[in-house]
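> If you read the protein sequences in the order shown, they are chains Z and C. Using the working numbering, the letters of the first sequence correspond one by one to residues 10 to 453. Using the working numbering, the letters of the second sequence correspond one by one to residues 19 to 316.
Note that these hints are calculated values from the structure, not bench results. Keep in mind that the hints are not guaranteed to be accurate.
Covered stretches of chain C, going by a simulated chain Z footprint (3 or more residues, C-beta under 8 Å) [stated by the list, open to error]:
hint	segment
1	112-124
2	156-169
3	251-257
4	265-275
From the structure, some residues in chain C lie toward chain Z, with a derived Cβ separation under 10 Å [as the list claims (entries may be wrong)]:
hint	residue
5	61
6	73
7	152
8	279
We put the beta carbon where it would ideally sit given N, CA and C, even for glycine.
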Amino acid sequence: MKKILSLLLACALTVSIVGCGKSTTGTSESGDSGTKTETTGGANGNGPVELKMWVHVTDDTDEGKSYAERAAAFNEAHDDIKVTVEFIPRDGGGSGYEDKINTALTTNQLPDVITLDGPNTAAYVDAGIIAPIDEYISKESRDDYLPSIIQQGTVDGKLYALGAMESSVALFYNKDILAKYNIEPGTLENPWTWDDLFTAAKTITEGEGYPALDMRFNDIGEWYIYAFAPFIWSNGGKIIGEDGLTAEGIFNSPEAVEALTFFKKLVDAGVVSVTPEENNFELGKSALYLNGPWAIPTLENSYPDINFEAMPYPVSPKTKELHVPTGSWQYAVTAQSKHPAEAAKLVEWMTNTESVVSITKAIGMPPARKSAVEFLPEYQEGARKVLLDQLAKGGHARPLSVIYPIISRNFQEAVEAVLYGDDPQTVLDEKVQVIEREAQRYKK
Amino acid sequence: MLKSKKLFGKYKLGETLIAYAFLAPALIFILIFVLGPILASFSYAFTDYYLLRPNDIQFIGLENFKYLIEDKLMWKAFFNTFQFIIMVIPLQVGTALILALLVNRKIKFNLFFKVSFFAPVVMSLVVISILWMTLLNPESGLINAALTTLGLPKQPFLTSTTQVMPTIVAVSAWQGAGYQMMIFLAGLKNIPAEYYEAASLDGANGWQKFLYITLPSLKNVTVFIMITTLIAAFKLIVQPMVMTSGGPKNSSLTIVYYIYQTGVRYRNVGYASAITLVFAIIVAILILLQRRLIKEED
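Could you put together the complete structure from these sequences and hints?
Now the structure itself:
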């Protein structure tokens with residue numbers, strides 16, 4: 010017994026050794042590298058330009074493997090540039106990787122290329138962490154990206170970042186249940202309006218005796234603004250002003266109030282649960298499920314009995330305009346880089362057709378380039394095609410703002426408060442005060 | 019001369035130097051990793067330090083503190099933290115005392131119980147939080163299933179603005195009580211058996227023995243436990259971070275969690291430091307008060 014106790018204690022005291030990051034030079038050059046550098050050389054014949062790139066995943070993940078492989082291919086294709094990739098885990102809440110960037114910023118030790126999450130773009134531009142890459146990216150190349158990728162990476166009319174993958178949210182549905190109630194799913198040309206969604210959800214809820222719609226309201230955090238902001242956009246509203254700092258009259262506009270009132274209507278009618286049961290769609294209990302591409306592999310592999318499909322994101326009955334969530338990690342050249350031209354080449358390489366195909370195959374997120382689709386048969390049909398098509402038609406990046414984290418939090422709190430019964434107008438007015446107060450620090 | 023006399027006391031200069039030399043490694047570490055950051059953080063409280071602009075820090079005087087007074091969310095976090103402390107201290111210390119009394123008896127499988135009660139203390143808080151989230155799930159959790167079997171209504175637990183704090187209190191007390199139990203146990207072992215024998219001769223029953231012998235003898239241990247539990251309770255962050263993200267409607271947002279969010283997520287290091295400073299002062303006052311109160315009772 011004493012042994013067990015001491016064993017338990019030993020377990021507790023064991024310090025898990027966490028590496029800060031691993032580097033691999035993704036080179037596959039063989040013994041003749043010496044002659045290579047001599048013959049081609051850099052601009053001054055001083056050997057290849059050395060580039061450093063940081064990515065936010067470890068090299069034992071599928072995503073990390075894809076990055077390592079594509080970086081190696083880059084070195085293979087460019088005799089005059091040599092890139093070294095450092096793999097830095099994000100840790101909980103993304104703080105590990107971002108902490109390292111913050112520290113490196115203080116000590117001027119940023120690499121040439123970094124990865125960054127979409128909503129960070131404006132803050133990183135404002136802080137002078139990343140530099141524009143307009144002059145290095147050709148127009149043909151730029152037109153091949155999904156519009157939402159360009160929107161996400163552009164601040165004040167200048168392009169700063171490019172991504173290889175996208176993300177989105179669609180309305181997944183259980184084909185069998187919809188057929189049972191003779192409900193026609195929405196299409197890209199004719200998506201469901203909020204009213205269609207409400208009527209369908211009400212019919213099914215009454216018939217099945219279980220909330221028909223799961224909007225993942227239990228996922229409190231970034232999910233809220235990411236997944237629900239399109240309700241406001243589709244209704245003709247905005248989250249924040251063009252300057253990224255004005256909330257009065259925008260965050261609490263009538264359009265926003267209407268969108269939040271619609272959530273309230275769904276909750277009051279009992280067609281959506283504020284605290285949905287785990288996996289209720291996967292188990293065939295609910296019929297409609299607002300979720301992203303990551304839900305597909307789970308459904309296909311673990312719940313083969315569920316006959317599911319996806320339809321585009323519901324639209325406001327007022328405008329019928331399709332706006333869908335977007336955003337993912339992207340690459341950018343840092344302002345500290347001494348080789349911006351070469352670094353921009355690397356950014357474009359990491360997001361070229363081959364790289365996009367590679368990353369989509371690795372983790373299944375929608376491809377960021379139109380030209381990649383022909384190499385990805387899974388994105389030519391079914392739920393994945395719906396996600397991709399709606400991205401091309403109505404992709405809308407989250408607001409670009411220095412105070413984005415504050416906006417995201419207040420949006421989440423506002424929706425949450427409404428779900429718990431507060432009045433939408435009052436709540437939004439209150440949150441505007443908070444955002445405006447915070448914005449005051451940055452208005453100079 | 020006078021100063022050096024005080025510093026070195028009755029020891030010779032050589033001995034004193036050796037003593038400081040031995041202390042040096044620890045002192046240097048404390049200076050660099052404890053005192054340094056504390057002082058830096060206090061000085062940031064008067065600046066507009068933004069995490070992404072480390073080379074452009076402006077002194078802004080008391081701006082942060084003015085802002086702080088109007089910050090409703092921060093007051094809510096303070097209120098939540100105090101709510102937690104007021105509930106968790108009696109519950110956790112009481113549970114620990116009962117557990118200690120139970121395992122102090124000579125019963126079978128005594129060690130097994132001790133290890134079981136202590137096990138949550140050595141487990142990772144994140145693991146425990148995730149475990150309880152599963153148990154507390156309003157729809158499919160084991161606890162609600164048990165309640166339904168007993169004919170009681172299902173409870174929302176972590177998804178209710180009023181139940182979330184008591185739930186976190188219960189989980190935290192369950193997790194931490196084992197540690198205090200061990201300390202109480204050590205205290206119990208120190209009470210001489212003669213006291214109880216004498217009391218038995220005088221005809222005292224079990225309850226009287228507990229009231230007039232056990233409790234007074236545990237006084238010092240209890241003071242120690244109260245203070246350590248209070249300090250630990252102020253630092254509550256992991257449970258709400260993992261289980262509720264501070265929700266619903268910020269009902270489980272604690273002050274340390276809010277400081278973390280302000281400094282790391284919103285990158286407002288200056289403002290986060292200002293909250294930390296105010297928080298540190300309040301904690302210090304409370305601990306001094308608590309010690310005073312307990313001492314006066316002597």
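> Against each hint, give a clear statement of whether it holds in the structure.
Now the hints, each set against the structure:
| no. | hint | in the structure |
| --- | --- | --- |
| 1 | 112-124 | violated (count 0) |
| 2 | 156-169 | holds (count 3) |
| 3 | 251-257 | violated (count 0) |
| 4 | 265-275 | holds (count 4) |
| 5 | 61 | violated, 16 Å |
| 6 | 73 | holds, 7 Å |
| 7 | 152 | holds, 9 Å |
| 8 | 279 | holds, 8 Å |
Comparing the model with each earlier hint shows violations of hints 1, 3, 5; every other hint is respected.
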